[in-house]
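Visitor: Listed below, chain by chain, are the residues.
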Amino acid sequence: MPLMLSALLLSGCSSEHTTSITDANEKVMTIGDVSVTKGQEYDLLKTSNGPVQVITMAQNVIYDKEVPVNEEMKKQAEDQFKLIAENNEKVVDQIVNLGYKDKQDYIDKVLLPSVQAQALMKKYFVDDAETIELQYKPSIAQVIQCDTKENADQALQALKDGKTAQEVAEQYGLDSSSYTGSEELVTTNDSALPTRLINALNSASEAGVMPEVYETEDSNPAYYVAVLVSNDYDENVDRIADTLGSDSSMAKSCLVYYLTKYDFEVFDQELFDYYKQNTPEYLVTHPDLMETAKETD
Amino acid sequence: MSDLFKDNWFVILIAVIIIAFVGYFVYDSNTGKVASKKADGKDVVASLADSNITADALFENFSQFDGALLYNLYRNAVVEQSVETTKEMEEQAKSMEKTIRSNVSSQNSSTYRDAITQELASYGYGSYDDLYDYALMTVKQRSLNQEYVDAHFENLKDSLKDAKPRIVSIIKMEAADPQNLTDEETKKRDSIDKAIESDSFAQAATAFSDDAATAAKDGLFGYVDSSSSASSTGLDQNLLTKALEMEKGETSDWIEVKNTQTGVISLYKIHVDETDLEKIHQNKDEDVKKSLLFSILNAKAGLEADILESAAKDLKIEFEDQDAKEKLDRYIEQLKGGNA
Chain W
-13 MPLMLSALLL SGCSSEHTTS ITDANEKVMT IGDVSVTKGQ EYDLLKTSNG
37 PVQVITMAQN VIYDKEVPVN EEMKKQAEDQ FKLIAENNEK VVDQIVNLGY
87 KDKQDYIDKV LLPSVQAQAL MKKYFVDDAE TIELQYKPSI AQVIQCDTKE
137 NADQALQALK DGKTAQEVAE QYGLDSSSYT GSEELVTTND SALPTRLINA
187 LNSASEAGVM PEVYETEDSN PAYYVAVLVS NDYDENVDRI ADTLGSDSSM
237 AKSCLVYYLT KYDFEVFDQE LFDYYKQNTP EYLVTHPDLM ETAKETD
Chain D
40 MSDLFKDNWF VILIAVIIIA FVGYFVYDSN TGKVASKKAD GKDVVASLAD
90 SNITADALFE NFSQFDGALL YNLYRNAVVE QSVETTKEME EQAKSMEKTI
140 RSNVSSQNSS TYRDAITQEL ASYGYGSYDD LYDYALMTVK QRSLNQEYVD
190 AHFENLKDSL KDAKPRIVSI IKMEAADPQN LTDEETKKRD SIDKAIESDS
240 FAQAATAFSD DAATAAKDGL FGYVDSSSSA SSTGLDQNLL TKALEMEKGE
290 TSDWIEVKNT QTGVISLYKI HVDETDLEKI HQNKDEDVKK SLLFSILNAK
340 AGLEADILES AAKDLKIEFE DQDAKEKLDR YIEQLKGGNA
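Top line first, the protein sequences correspond to chains W and D.
Going by the numbering used here, the first residue of the first sequence is number -13, and it counts up by one from there.
Going by the numbering used here, the first residue of the second sequence is number 40, and it counts up by one from there.
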């Protein structure tokens, strides 16, 4: 019985913790009988914008750790502002109306973080290379789509005989296809290609003509032959980053990688509950919740 | 020692079970609950690496851009204290709350509920449970706006003088294939045309229209003007365009209208009942009043803020935080410039 009571006491002690600002009771304005305090304002802003704002502030910490501002970045941000100003004479008035102190405040809070975000994305492709290679299986290749097995066999023989991929595509390729022998980055995002071809290109031990015809496994199969140019991740990392960096899921993967690296942890119950419901992958110190996010992705 | 275990094995087993139960109970009670953290005496919202994001820092970031929230809090307080709540307003607010809650339930999604909660917070309401308060405020603000516009209509009506303001009525006739009417459908169409000619559009609508809602109101659809759109009024764009081309008393030919949801094509006639703004303003129909008010508020940038300022003159207003006053003033100026 004493143990039960202790348990109840312990669970009672773990009431939900929500954060508050230091001068929460300070009044902001009084309208008739109604006073608004800074604490009330904080609570409302936290509910409406908190989840996004906390992540933005966390990103700024990550940027400063991983890709600190340098002179080149400052110049890029300045150039971006000049470009905006060239197309919009009232830009300074508009950003002040939005709440920024001045041009520099806007550059520091919007444009520089955006430049840093681009730099971080490039760095992510180096830092988390193993995961990205495993997931996207990138390789540079010349792929040709043929409409029949017979054409594909002939195309493969022609490649083996030393004809260029463009010549072979012209003679045996399917005109309407986007795979016409040009050199391109092949990844698992190329959903039209047979998985076996993507895997074979990624795991081939040397560049050159791929040894067989690869066909899709559906009722109306498409046939592919290919020449591997390179599957060296390190050698191709810039091209891989340029192509995959714009993938919407990559931005989230990048963020989660660095949140994990720096042990991002939330100490406000309301924000925690929001992330748990909407973006559990951000709760990196709770692997059980992150797993839920992976399952529902 | 072993004798002690042998003699009391049952008691020990029960104790172990209780301890395991208590352990699980404590663990379960604390699952999903965050710990608290402070840095330099300030609440920490989140941390990563060696950095803490404090509540104070978060608020500082927020408050730079809080003009809209300050305005909404100011609006809520002014409206709350300037308009007396009536039973009718309470009913309207309950109906609005019910509609929103029903939408939330039909979505069956807690993320949707989170989205509503966030939206309410940006309007100055702390939780999803404040939905009724928000609904009541909007009903009361509409009443405040209506009262002001009624009192200042002479000055405000000019804002709509080039907008082709009008009240329109409609008649709907369903047909299986509007291009090839059956004998019965042809007979009905001719009867409607005859009734419009010999009696009135209103009488024809009451007697024949297949649109139950408007037929019950002599065919009255409501107020439209050049700023109206199909999405804002629910009136088909072809009917809307035709309505704006016609003069008072004119009736259109039959117009084919495709229901965007069902794909079913029906035949419609539209009639312009009134174009005189004074007479439109005097119309007692609630929908007409609401639509006209909406158009006037939209046509004159910052009118809603002017109405609030006018009502606020009767209240004592004090700004303990001068920054807040500047941000609020700037936001109101933006509203008046049509930029917010």
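Bear in mind the hints are in silico, worked out from the structure with no lab data behind them.
A quick note: this is a predicted structure, and the numbers were derived from the prediction, not measured.
Some hints here could point you the wrong way.
[Stated by the list, open to error] Result set (BS3-like, lysine-lysine): computed pairs, CA atoms no more than 27 Å apart in a straight line:
id, chain 1, residue 1, chain 2, residue 2
1, W, Lys262, D, Lys81
2, D, Lys203, W, Lys13
3, D, Lys323, D, Lys133
4, D, Lys77, W, Lys13
5, D, Lys211, D, Lys297
6, D, Lys256, D, Lys364
7, W, Lys95, D, Lys81
8, D, Lys227, D, Lys203
9, D, Lys203, W, Lys51
10, W, Lys95, D, Lys364
11, W, Lys262, D, Lys364
12, D, Lys339, W, Lys76
13, D, Lys81, D, Lys203
14, D, Lys328, D, Lys287
15, D, Lys328, D, Lys137
16, D, Lys81, W, Lys247
17, D, Lys226, W, Lys51
18, D, Lys76, W, Lys87
19, D, Lys281, D, Lys328
20, W, Lys13, W, Lys87
Visitor: CA of Lys281(D) to CA of Lys328(D), is that 27 Å or under?
Guide: Between Lys281(D) and Lys328(D) the Cα gap is close to 22 Å, so the pair holds against 27 Å.
Visitor: Hinted pair, alpha-carbon criterion (27 Å max): Lys13(W), Lys87(W). Please report holds or violated.
Guide: It holds: about 23 Å lies between the C-alpha atoms, which stays within 27 Å.
Visitor: Need the status of pair Lys77(D), Lys13(W): alpha-carbon distance at most 27 Å?
Guide: holds (24 Å)
Visitor: Do the alpha carbons of Lys76(D) and Lys87(W) lie within 27 Å of each other, as the hint requires?
Guide: violated (31 Å)
Visitor: Is the straight-line distance between the alpha-carbon of Lys203(D) and that of Lys51(W) 27 Å or less?
Guide: Violated, at about 61 Å.
Visitor: Can you confirm whether the C-alpha distance between Lys81(D) and Lys203(D) stays at or below 27 Å?
Guide: Answer violated: Lys81(D) to Lys203(D) is near 59 Å, above 27 Å.
Visitor: Verify the proposed pairing of Lys262(W) with Lys364(D), using a straight-line Cα cut of 27 Å.
Guide: Distance of about 37 Å is beyond 27 Å: violated.
Visitor: If you draw a straight line from the CA of Lys211(D) to the CA of Lys297(D), is it 27 Å or shorter?
Guide: Holds - the C-alpha atoms of Lys297(D) and Lys211(D) are around 12 Å apart, at most 27 Å.
Visitor: Does Lys262(W) pair with Lys81(D) here, judged by a C-alpha cut-off of 27 Å?
Guide: This hinted pair holds, its Cα atoms lying about 24 Å apart.
Visitor: Does the structure keep Lys227(D) and Lys203(D) at a Cα separation of 27 Å or less?
Guide: Distance ~32 Å between Lys227(D) and Lys203(D) Cα, so the pair is violated.
Visitor: For the pair we were handed, Lys256(D) and Lys364(D), check the Cα-Cα distance against 27 Å.
Guide: violated (48 Å)
Visitor: Can you confirm whether the C-alpha distance between Lys339(D) and Lys76(W) stays at or below 27 Å?
Guide: Holds - the C-alpha atoms of Lys76(W) and Lys339(D) are around 23 Å apart, at most 27 Å.
Hint check: violations occur at hints 2, 6, 8, 9, 11, 13, 17, 18; the rest are consistent with the structure.
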